[in-house]
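Chains as they are written, first to last, in my numbering: chain A, 1 to 501; chain B, 502 to 1002.
What the hints contain is simulated information worked out from the structure, not anything from laboratory work. The model shown is predicted, which means the values in this text are computed figures rather than measured ones. Treat the hints with care, since some could be wrong.
[Unchecked claim] In silico lysine-lysine, BS3-like type, Cα no more than 25 Å apart, as pairs:
| hint | chain 1 | residue 1 | chain 2 | residue 2 |
| --- | --- | --- | --- | --- |
| 1 | A | K208 | B | K711 |
| 2 | B | K709 | A | K208 |
| 3 | A | K400 | A | K119 |
Protein chains: 2
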Amino acid sequence: MGTALEGLKARLTDVQSLRSAGGLVSWEQQTYMPEGGATTRAGHLAILARLEHEMFTAEETGRLLDTAERELDGASYDDADVSLVRVTKHDYAIRTKVPAALVAEISAETALATQIWAKARAQSDFNAFAPSLEKMVDLTRQLADYLGYASHPYDALLDQYEPGTTTADVVEMFAGLRRDLLPIANAIAERKDSVSDAPIHRNFDVAKQKTFTEQAAAWFGFDFKRGRQDQSPHPFCQSLSPDDVRITTRFIPNFLSSSVFGTMHETGHALYEQGAGLGGLHPILASGTSLGVHESQSRMWENIVGRSRGYWSHFYPQLQALFPESLSDVDMETFYRAINKSEPSHIRVEADEVTYNLHIMLRFEMETDLVSGKLSVKDAPDAWEERSQGYLGLTPPDHKRGILQDVHWSIALIGYFPTYSIGNLLSAQFYETALKQHPSIPDEIAQGRFDTLLGWLRENIHQHGRRYFPQELVQRVTGEKINSRAYIAYLRAKFGEIYGF
Amino acid sequence: MGTALEGLKARLTDVQSLRSAGGLVSWEQQTYMPEGGATTRAGHLAILARLEHEMFTAEETGRLLDTAERELDGASYDDADVSLVRVTKHDYAIRTKVPAALVAEISAETALATQIWAKARAQSDFNAFAPSLEKMVDLTRQLADYLGYASHPYDALLDQYEPGTTTADVVEMFAGLRRDLLPIANAIAERKDSVSDAPIHRNFDVAKQKTFTEQAAAWFGFDFKRGRQDQSPHPFCQSLSPDDVRITTRFIPNFLSSSVFGTMHETGHALYEQGAGLGGLHPILASGTSLGVHESQSRMWENIVGRSRGYWSHFYPQLQALFPESLSDVDMETFYRAINKSEPSHIRVEADEVTYNLHIMLRFEMETDLVSGKLSVKDAPDAWEERSQGYLGLTPPDHKRGILQDVHWSIALIGYFPTYSIGNLLSAQFYETALKQHPSIPDEIAQGRFDTLLGWLRENIHQHGRRYFPQELVQRVTGEKINSRAYIAYLRAKFGEIYGF
Chain A
1 MGTALEGLKA RLTDVQSLRS AGGLVSWEQQ TYMPEGGATT RAGHLAILAR LEHEMFTAEE
61 TGRLLDTAER ELDGASYDDA DVSLVRVTKH DYAIRTKVPA ALVAEISAET ALATQIWAKA
121 RAQSDFNAFA PSLEKMVDLT RQLADYLGYA SHPYDALLDQ YEPGTTTADV VEMFAGLRRD
181 LLPIANAIAE RKDSVSDAPI HRNFDVAKQK TFTEQAAAWF GFDFKRGRQD QSPHPFCQSL
241 SPDDVRITTR FIPNFLSSSV FGTMHETGHA LYEQGAGLGG LHPILASGTS LGVHESQSRM
301 WENIVGRSRG YWSHFYPQLQ ALFPESLSDV DMETFYRAIN KSEPSHIRVE ADEVTYNLHI
361 MLRFEMETDL VSGKLSVKDA PDAWEERSQG YLGLTPPDHK RGILQDVHWS IALIGYFPTY
421 SIGNLLSAQF YETALKQHPS IPDEIAQGRF DTLLGWLREN IHQHGRRYFP QELVQRVTGE
481 KINSRAYIAY LRAKFGEIYG F
Chain B
502 MGTALEGLKA RLTDVQSLRS AGGLVSWEQQ TYMPEGGATT RAGHLAILAR LEHEMFTAEE
562 TGRLLDTAER ELDGASYDDA DVSLVRVTKH DYAIRTKVPA ALVAEISAET ALATQIWAKA
622 RAQSDFNAFA PSLEKMVDLT RQLADYLGYA SHPYDALLDQ YEPGTTTADV VEMFAGLRRD
682 LLPIANAIAE RKDSVSDAPI HRNFDVAKQK TFTEQAAAWF GFDFKRGRQD QSPHPFCQSL
742 SPDDVRITTR FIPNFLSSSV FGTMHETGHA LYEQGAGLGG LHPILASGTS LGVHESQSRM
802 WENIVGRSRG YWSHFYPQLQ ALFPESLSDV DMETFYRAIN KSEPSHIRVE ADEVTYNLHI
862 MLRFEMETDL VSGKLSVKDA PDAWEERSQG YLGLTPPDHK RGILQDVHWS IALIGYFPTY
922 SIGNLLSAQF YETALKQHPS IPDEIAQGRF DTLLGWLREN IHQHGRRYFP QELVQRVTGE
982 KINSRAYIAY LRAKFGEIYG F
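With the hints as extra help, turn the sequences into a complete structure.
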């Protein structure tokens, strides 16, 4: 008879296999599934999710965790097994706190609300969505009560996506960010006509875009033997294991950035997942530690590396050679400025590096006020407009381009938005640390070499998988809490130079 | 509280979802999985198979079946619910008879034996595989004992793949087949140089082959909204549901038949699966009723339709136009003869319509003798050679092209081979019946129209899914037992004309 630790590992391997199979089924739904497949696909996903939930939250899992913890008494905090038990206990506690009935109700309501939201957005009709939003706020508040929290119900919601980060942490991060970001955005707005993005909206053959993006992923270090790149309407990264990580890309003929920077973004996620197998961790820990840390990887490769002058000083001639009819009259500097044009806009997913976080701060404030009850659903559209004016200097012309633009609230993802900004802040915080240790990185990028940067990320972040919670990891790697200093310094230097302020 | 029938249906829907998810995972393994995916893929398949087994064989399933049967007392035999209970009881009885320990042992041994077989085949070394074959014979004999049988242990093995068909049935079928087939094969052998297959071994661009095979599948009636066609090393058909049926094709530049007739074959399977949703049956019955009946559909579309003079009289000009450099000097008649060249050969999977069944009869005799103990593993190679000489007039030059050529025995598929021949016999038996009711079918095929034939198959075979066991279905449709008369008549007419005897 084996130890409890062995029993626990076997059980978690099965749980992870079910998650991974579900991931594959979901990936295929978005890539190759024929139209008719939709009739049974929901059933596949539901049964896999249900069996995974039953297996993971079973009392046997709790018993094995407790016994394994005693078996490991005295072992080091960093030990792979100790980490497995610690992190899994955290997950187990969260998932067993919530009654199955509430999970089922949220699942049923989101299925309805997504359809209602899609229709309401198309018709820009907030009133049609208001009852669903009311319901979602109510359900997530119930969820927060079951999960438990110290200060604010939003703490519990945020903790699901960014374990260990509190509402107060985000308030503090965002206070600094707001103070420093708005002057940069304003300085750019005053000079907005000095940069044009017209060149990237010319015509770009999709097959050639595909060729370039496959190379771009490989240049960064994406291992095609342990992954794939396919097409889908919405780009995403799906990891089945560190040895099987898939990214998808969307190709738009007259918008080159969509495929090029979309690929770099998803490659950033994929490199993290492919590297998460390096630390000898149990498969259930061989993945990213949080959405925020994940987003730090995608944003670093997409923006700090991919939208840098150094990168294009090396690769622009190849791009130009691939698209002579669209780029032969565009010099590298003009291209570099085009891909970095910054301008306040209504739609979050289309926002540039500078204004993106303003969208997130707006949503964070909306969400915390809705969850605390300080803001009612009926007053939400006015609050949105007021904040949009304050952050972006824009009033949305309709709800479609305002409060109804994001899918998140219809699928009960309240507490999720801050992770996007955490990712942005961390991308610069990690990169700054990497540069302190390897000042040659920018020069190497300008030579088309990424191995020092990737090696540093693997060593310091990727190989740890989910071993450390995000705040622990950030402290270990950078010696600081998550903060906006490095990110602001990065934006100020880059955009000050581009826009001349 | 619902009825037991409702509970049963819900449970079987979940079972079917797990099977279908497993089918998707398996399909992806053979089409798009990157190399690295192999490390976790076995785990996905194992956990899905285990959970499906647990859910299906649970005592609760048996209880629901018994109660539902009482609830349905007095309802008609053909009723969808009555059929669901009847067929599921048969499946349940089979799967609960075998102890989990034996299932696990077979699974573990086949994993080993497949590797040993692959190496032994490569080296043509029967002695290396002999202990594994010994083990497989022993395990399948144990399996037969648990399953139970009336006359011969082989009955129990065969019944897994062709429910209701006995060893004696096959002996009878094959006796007629042997008597009538050998003279045809001999007559062809005497005239073997009168047909050349050289034209189909010229060069055929793979992209154009793809274009043609996609059209060929659609012409037959394959619905691409409810299915896909992809590439894989070994062609197969995988149904996830009648609304999501996938076929795969292998393209070989200098062997046109591989993709063209491979596609027709898999399309035949796929049409059966796509049509199995028409009868309002529970999803677990919406599939083919046996391997033999399935093969009757693939062989009918591949051989009786696809290798007919009528088909090519209509479509050959299109094929010629697609490959002018390889086919412009080949007239239709020469092409028709080339795709129908018959010649005894060592390898079963490369055999033509006439000689294919000789390979199966050889294997059937080997298997029944091994299972009954009449033949020992050590004497098996001699027995193979003797029978090969008897049936094919050939002695294999090595074991690789003899007793080691098939994967089946290494994966415990003893009792499976006869279903290939049953499919061949049934293809002609069904087609003959269709023609009696619709004599216009051959003329329609010669006009490129397949709707009358497909409509007849849907009405008489496809829509019934697994509602009837194969022998019942054949009796209902053709008024006869499965027999070789129609098939022999078909071969004699077709090959007598081609070879002039």
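key: Contradicted hints - numbers only   = Violated hints: none; all satisfied.
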